[in-house]
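Under this note's numbering, the first residue of the sequence shown carries the number 456, and numbering increases by one thereafter.
Honestly, I wouldn't trust all of these hints.
Distance ranges between label pairs, derived from CB positions [said to hold, decoys possible]:
1. Arg465 to Ser518: 50 to 58 Å
2. Leu507 to Arg462: 44 to 52 Å
3. Gln492 to Gln466: 21 to 29 Å
4. Gln523 to Val485: 13 to 21 Å
FYI, nobody ran anything at the bench for these hints, they're computed from the structure.
Here a beta-carbon is modelled for each residue, glycine too, at the ideal position from N, C-alpha and C.
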Amino acid sequence: MRVSISRSSRQALSRSTTIVNRKEAEEARVQCRELHQTSVKRGKYTKRSLELGVVRTLISFLSVWKSQAQQARCGG
Numbered sequence: 456m457r458v459s460i461s462r463s464s465r466q467a468l469s470r471s472t473t474i475v476n477r478k479e480a481e482e483a484r485v486q487c488r489e490l491h492q493t494s495v496k497r498g499k500y501t502k503r504s505l506e507l508g509v510v511r512t513l514i515s516f517l518s519v520w521k522s523q524a525q526q527a528r529c530g531g
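Full structure from sequences and hints, please.
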């Protein structure tokens with residue numbers, strides 16, 4: 456059985472999905488910034504230390520993983 460959806464409904468659904476994805480992406484970026492700030496404060500790293508580079512890499516992997524999980528959940 457196939458249900459037809461009007462073009463305007465499909466466009467509205469697409470726009471709302473895009474807005475939700477943007478909000479979730481911004482939330483992930485904010486969380487990454489907070490993790491980075493906390494790590495710098497507690498770790499007392501120097502400006503170009505190896506540990507700080509590792510933390511930044513892990514945080515970037517976290518944000519990529521989270522965005523991929525959200526896309527998979529949304530079916531995109």
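Quick rundown of the hints versus the structure:
1. At about 29 Å, the CB distance of Arg465 to Ser518 disagrees with the hint of 50 to 58 Å.
2. For the pair Leu507 and Arg462, the beta carbons lie near 50 Å from each other, so the given range of 44 to 52 Å is met.
3. At about 39 Å, the CB distance of Gln492 to Gln466 disagrees with the hint of 21 to 29 Å.
4. For the pair Gln523 and Val485, the beta carbons lie near 18 Å from each other, so the given range of 13 to 21 Å is met.
When held up to the earlier numbered hints, the structure conflicts with 1, 3 and fits the remainder.
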